[in-house]
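Colleague: One-letter residues, chain by chain:
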Amino acid sequence: MAEDPTVEVTRTTRAPVLAPGHTFATVTDKISAIVLSRRTTIGWMLGFGVGLTFTMVFLLAVSYLVVKGVGIWGINIPVAWGFAIVNFVWWIGIGHAGTLISAILLLLNQPWRNSINRFAEAMTLFAVMCAGMFPLLHLGRPWLFYWLFPYPNTMQVWPQFRSPLVWDVFAVSTYFTVSLMFWFVGLIPDLGTLRDRAHSRFARATYGFLAMGWRGSARHWKNYESAYLLLAGLATPLVVSVHTVVSFDFAISILPGWHTTIFPPYFVAGAIYSGFAMVLVIAIPIRKYYGLGDMITMRHLDNSAKIMLVTGLIVAYGYFIETFMAWYRHNDFDFFMIQNRMHGPYAPLYLALMLCNVAAPQVLWFRRVRQNVGALFAISIVVLVGMWLERFIIVVTSLHRDFLTSSWGMYYPTRWDWLTFWGSVGFFTMAMYLFIRFLPMISIFEMRTLLPEAEVEAGAK
Amino acid sequence: MTRAPIFGLMAEFESPTELALAARKAYDEGYRKMDAYSPFPIEEVSEAIGFGHSRVPLVVLVGGLLGGAGGYLMQYWISALNYPINVGGRPLNSWPAFIVVTFEMTILGAALFAVFGMLALNRLPMPYHPTFNVGRFAFASKDRFFLCIEAADPRFDRDGTEGFLQSLGPKQVSEVPH
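Residue numbers (my numbering), protein chains in the order written: chain Z, 1 to 461; chain E, 1001 to 1178.
The set of hints was computed from the structure by calculation and includes no laboratory data. Being a predicted model, the structure only gives us computed values, none of them experimental. Just so you know, even glycine gets a beta-carbon here, dropped at the ideal spot from N, CA and C. Be aware that one or more of the hints could be misleading.
Simulated restraints, written as ranges between beta carbons of each label pair [to be verified]:
1. E:F1116 <-> Z:K306: 35 to 43 Å
2. Z:I254 <-> E:L1066: 35 to 43 Å
3. E:Q1166 <-> Z:V369: 53 to 61 Å
4. Z:L144 <-> E:L1081: 23 to 31 Å
5. Z:T40 <-> E:L1066: 43 to 51 Å
6. Z:A203 <-> E:R1090: 58 to 66 Å
Construct the entire structure; sequences and hints are all you get.
Modeller: As structure tokens, this is what we get:
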């Protein structure tokens, strides 16, 4: 059996995972009421409206892209990978924290994950949707995206399976499919709860349809738990593989700044780093405005901050090794690449990257900072900016000045680059708002298992 | 007077411990066709009703093997048989380059089998089930625990089983109509 979380609370002075005083009924009522009985607030409408507006901006930018082609972006030779790939790597990295929380922390028997895994998984799904759109738009003819998949066609050609770009197609589409199934399987029992508690006929029918007749049978639970645990076991190597394959897109090439073996671990750590920053950016307003401080406690924020600090240090180590290897390798092109990063035309961005990703998170060593909600929110935003800058530096500074001085160039994003990027942020925001309004953002049945009375007493075992 | 046939008899309990004890006693009494319903998974209860083993892991293993083998064979067939391209005499079956897609297809196959296998083994989706006819069963997804002994059990006897369930100290016992 899982370790009783309340035992740990008495042992240490840390904040509990779930505030005392809750029962099966209050946990159920509190979370389902947010969806079922709470009225739609002005604040929700405003937030959703902002998200919807930027989604429209995204659609506008994409429509114009379809009409005119990728020339509306700032990309050209030598920098053919611009914002689209920067945003792709940034978004997919953000998604990784959701899988880490839901799968890896489940396998590691960390019960505190139960109150944040649901919305973190939703975050993963929406982030992967945003991520997936960028390489497709970057294709030039996005409507032919299905050419990426091996299907029998009249042209008699197949994808090149020796290319990391094809590996990426498989990695990202598998990741999306598995994340979606993991999230939905986790939702089934809670959809049953919503079906049984909904007042309106329409809500009952909709949740009932989605719950598929779930009735909490002991046999069902046994198969369910088995499947859920195995999915976690499958998602764990998958999530590590996805960002590894994303880093292969760079590392398999021979370009200075990309061609390095540190990339896979350094990319995975960076992904989790930015993902936990996004978890905090979402969790902090949610617990404030929905009064969920008793379920998403300071313990969760503290733990997330610690994971951010650890992964941030791994990322800092990655930056150090990149620089060190450029010197140690004794290769002129490598050495020039790192010098160009530090002193070239993009040097201010490199400096900003170091401040955001290496310097700023060091304050998380202090307990007082980790207990300060406002500070955590601010640092998370800084880290998100920093991780975006990291991808920009990797993509742009490596490409813009490679082996031949005659083929050097500069990359400047256009307004369409910015509109597409902010549009994707808007889509993510809108999707999160819809999720919070229509589905339980905290896993109800897993919260019930956190209660002390969920344990079967010794006599009945 | 004959009464209309029923699906079974259902007893309602207030804690997981009571449910686990009741399920164990019912199993010891000789009942086999029964099921317990709870708002969250309780390992002891599924063991008590004699459902100790899930076949999901086997299904997932099969899915993973099929996915992995299918993934590799697809790449082999495409790259070495159907559309071979000779690039400087390099081997057509370049297996190290095929590992990533093989791995992803293994995970995909296993995960698809895990989800759809779990649903199939649970006979879901099942829009109608007799237990939903009991009004208080809605609390099975909130804070109540139910044990249902089905009429199909050979030891089922309407009055005898009802008496047995009452002896377990439930909050109430109700008939489950078809």
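Colleague: It remains to establish, for every hint, whether it holds in the given structure.
Modeller: Here is what the structure says about each hint:
no., hint, result
1, E:F1116 <-> Z:K306: 35 to 43 Å, "holds, 38 Å"
2, Z:I254 <-> E:L1066: 35 to 43 Å, "holds, 37 Å"
3, E:Q1166 <-> Z:V369: 53 to 61 Å, "holds, 60 Å"
4, Z:L144 <-> E:L1081: 23 to 31 Å, "holds, 26 Å"
5, Z:T40 <-> E:L1066: 43 to 51 Å, "holds, 46 Å"
6, Z:A203 <-> E:R1090: 58 to 66 Å, "holds, 60 Å"
Of the numbered hints listed earlier, not one is contradicted by the structure.
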